[in-house]
Amino acid sequence: MNSIKAVKEKLLKKEISAKELTKSYLDRINKYNKDLNIYLTISEKEALEAAERADKLLSEGQDLPLLGLPIALKDLYSTKGIQTTASSKVLEGYIPPFDATAVEKLKNAGAIILGKLNCDAWAHGSSGENSDYGPARNPWNKEYTPGGSSSGSAAAVTADLAVATTGTDTGGSIRLPASFTNTVGLKPTYGRVSRYGIIAMASSLDSIGHFTKTVEDSAIMLNVTAGKDNKDATTPDVPVPDYTKKINENIKGLKIGVPKEYFIEGLDLEIRKAVEDAINFYKSQGVEIVDISLPHTEYAIETYYIIQPAEVSSNLARYDGIRFGNPRKDFGDEAKRRIMLGTFTLSVGYYDAYYKKAMKVRTLIKQDFDKAFEKVDAIIAPVSPNMPWKLGERIDDPLKMYLADVFAAAVNLSGIPGLSVPCGFSNGLPIGMQILGPQFSEELLFRLGHHYEINHDFYKKEPEL
Amino acid sequence: MKIDVLHIAKLANLVISETEAKKFENQLSSILEYIDRLKKVNTENVDETSQITNLVNVTKNDDTSPSLTQEEALSNTKSKHNGLFKVKAVFE
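In order, the protein sequence lines correspond to chains C and B. Under the numbering used here, the first residue of the first sequence is numbered 287, with each subsequent residue one higher. Under the numbering used here, the first residue of the second sequence is numbered 683, with each subsequent residue one higher.
By construction, these hints were calculated from the structure, which means they are not laboratory data. Some hints could be false.
Stated by the list, open to error - Covered stretches of chain B, going by a simulated chain C footprint (3 or more residues, C-beta under 8 Å):
#1 707 to 717
#2 731 to 741
#3 748 to 756
Said to hold, decoys possible - Within a straight-line C-alpha distance of at most 30 Å, the following computed DSSO-like cross-link-like pairs (lysine-lysine) qualify:
#4 Lys652/C <-> Lys742/B
#5 Lys742/B <-> Lys366/C
#6 Lys514/C <-> Lys291/C
#7 Lys646/C <-> Lys721/B
#8 Lys546/C <-> Lys722/B
#9 Lys722/B <-> Lys652/C
#10 Lys375/C <-> Lys722/B
#11 Lys768/B <-> Lys366/C
#12 Lys615/C <-> Lys742/B
#13 Lys684/B <-> Lys615/C
#14 Lys393/C <-> Lys742/B
#15 Lys514/C <-> Lys742/B
#16 Lys366/C <-> Lys770/B
#17 Lys760/B <-> Lys331/C
#18 Lys721/B <-> Lys615/C
#19 Lys692/B <-> Lys642/C
#20 Lys517/C <-> Lys704/B
#21 Lys546/C <-> Lys721/B
#22 Lys686/C <-> Lys375/C
#23 Lys291/C <-> Lys366/C
#24 Lys704/B <-> Lys676/C
#25 Lys760/B <-> Lys366/C
#26 Lys760/B <-> Lys375/C
#27 Lys768/B <-> Lys615/C
#28 Lys686/C <-> Lys704/B
#29 Lys686/C <-> Lys692/B
#30 Lys615/C <-> Lys722/B
#31 Lys722/B <-> Lys646/C
#32 Lys517/C <-> Lys762/B
#33 Lys366/C <-> Lys684/B
#34 Lys652/C <-> Lys721/B
#35 Lys686/C <-> Lys721/B
#36 Lys559/C <-> Lys721/B
#37 Lys722/B <-> Lys686/C
Claimed, not checked - Over 12 Å on every C-beta distance to chain C, these chain B residues come out as not near it, computed from the model:
#38 Glu702
#39 Asn764
#40 Phe773
Predicted model, so just to flag it, every value in this text is computed and none were measured. Where a beta carbon is used, it is the ideal one built from N, C-alpha and C, also for glycine.
Let's have the full structure, built from the sequences with the hints guiding it.
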């Protein structure tokens, strides 16, 4: 399996050069992308140039965390000189004159950018089908959604069309597709990774994370991207540890909470079983399992679908087609819906009833987690109540699509981190669980996730393309 | 809850056709009906949360640093004149 760790070892041992590696990935992309619609832009020339530079540094004995590793970026990440569309026709042809902070950090760590990945336009969606360039397909079964909004990012990692990829998670957009594709998805603490240069969806919720094949790889990526950024005033000055350091530490004696509101009627029975098996595994390892309650969970979706569209309507107001991009008539239906919903809930006479009310319920949702973390170290819950659905099944019913985020949105409203880890399969399609912790507890999440992963074989499974 | 889609579209600077308006009206109304459940939650004496970083009044020194050149700033526009963005007149 081509994990960051495994590929890096091959590069350091000179079993393969960065250029050969990059070429083999470009070959795979060219072979499979037509079917899977994962990449919107393939930056072949830039990737090969970066690979040559990486080979030079490797031959000089330099060691950088991601030196020579071919990765790809959700098309929300601004890339200097490479088209960035947010999967929307509004930005078709837009070539950013600057790199997002996260992109700059990944490049400085030696990563090679293979291209830009398909997603729901402006990250609005849970299936990837709101992309103006057609949906990305799930490599485990092409009739099914890989989940969204970071659809291409999840699909690229499981199909090995990149060693790792980046995503954004505003209401589940990393964890949901990770759980649908047998990949590891990290939604870091809000503010842990800079949002600068990443096209904004909802500014108080957007979390900048990534997809990898293993939990340890996820820690390696966060080592590179995390930290305070003067260009993003919402990045607290919290020290960045080496996230891989404590990954092997014993988990005995830790307390994991199981919130009853996430194991409700309507939860797919196979998903319930897979997550309960994982909980039993932790129990067998000496972890104390504690039943907990997060009573305001049932209002998370309503709160989220007021706050998020309100912020969307404000963020998308800047796209006027004057300085860059195309006219507002090019917005797709979902963007129009969210702009109008947000404009409505913020408008005179409705602000108090909707937006102000939602901000108050957000406080209650956050307090639920604060209280829970007084009793437990982490929480385990399913990511999605349902297995991946067939493409087309929910596209005409926006509300049904929104409900896919039912187990994900509270985490964003609270700003806490969540790690989605593969924990099973049903009818050939993957299942994931999310491990949640207090703000800035990523080290603990990696430790718990890694311990589960090395004792199970799910991460080794790859789809037949 | 009825929503006047054409009015909202005007506020949001979106152009919506009559047929689109009908479709959006139905969809948005059912979404609003759903989120109306929030009214059931008791929020008396609860403070609002607009952000969750605990950061307050983040400032930085007012120093200059390298930024985009004029050429770079104009590199994506379809409408420029003498090194400036050219826009329609706001006032007659």
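- [ ] Tell me if chain C covers the segment 731 to 741 of chain B under the three-residue, 8 Å CB rule, please?
- [x] As far as the segment 731 to 741 of chain B goes, the hint holds, because 8 residues have Cβ atoms under 8 Å from chain C.
Open item on the list: Check whether the Cα positions of Lys704/B and Lys676/C lie no farther apart than 30 Å.
Closed with: holds, 27 Å
Task: Lys517/C paired with Lys762/B [C-alpha distance capped at 30 Å] - done: Holds. Lys517/C to Lys762/B sits at ~28 Å (cutoff 30 Å).
Open item on the list: Just to be careful, I want the Cα atoms of Lys646/C and Lys721/B compared with a cutoff of 30 Å; is the pair within it?
Closed with: holds, 11 Å
Open item on the list: Would the hint linking Lys722/B and Lys646/C be met if the CA-CA limit is 30 Å?
Closed with: Within the cut-off at roughly 13 Å; holds.
- [ ] Starting from Lys652/C, check that the Cα of Lys721/B is at most 30 Å away, please.
- [x] holds, 18 Å
Task: Satisfaction of hint between Lys331/C and Lys760/B, Cα-Cα up to 30 Å - done: holds, 26 Å
Task: Satisfaction of hint between Lys722/B and Lys615/C, Cα-Cα up to 30 Å - done: violated, 37 Å
TODO: Quickly compare the C-alpha distance for Lys393/C and Lys742/B to 30 Å and report which way the hint goes.
DONE: holds, 26 Å
Task: 30 Å limit on alpha-carbon distance, applied to hinted pair Lys768/B and Lys366/C - done: holds, 24 Å
Task: 30 Å limit on alpha-carbon distance, applied to hinted pair Lys686/C and Lys375/C - done: OK: Lys686/C and Lys375/C at ~25 Å, within 30 Å.
TODO: State whether the coverage of the segment 748 to 756 of chain B by chain C holds or is violated, taking the criterion as 3 or more residues with Cβ-Cβ distances under 8 Å.
DONE: holds (count 3)
Checked against the numbered hints above, the structure breaks hints 10, 12, 18, 20, 30, 33, 36, 38 and satisfies the rest.
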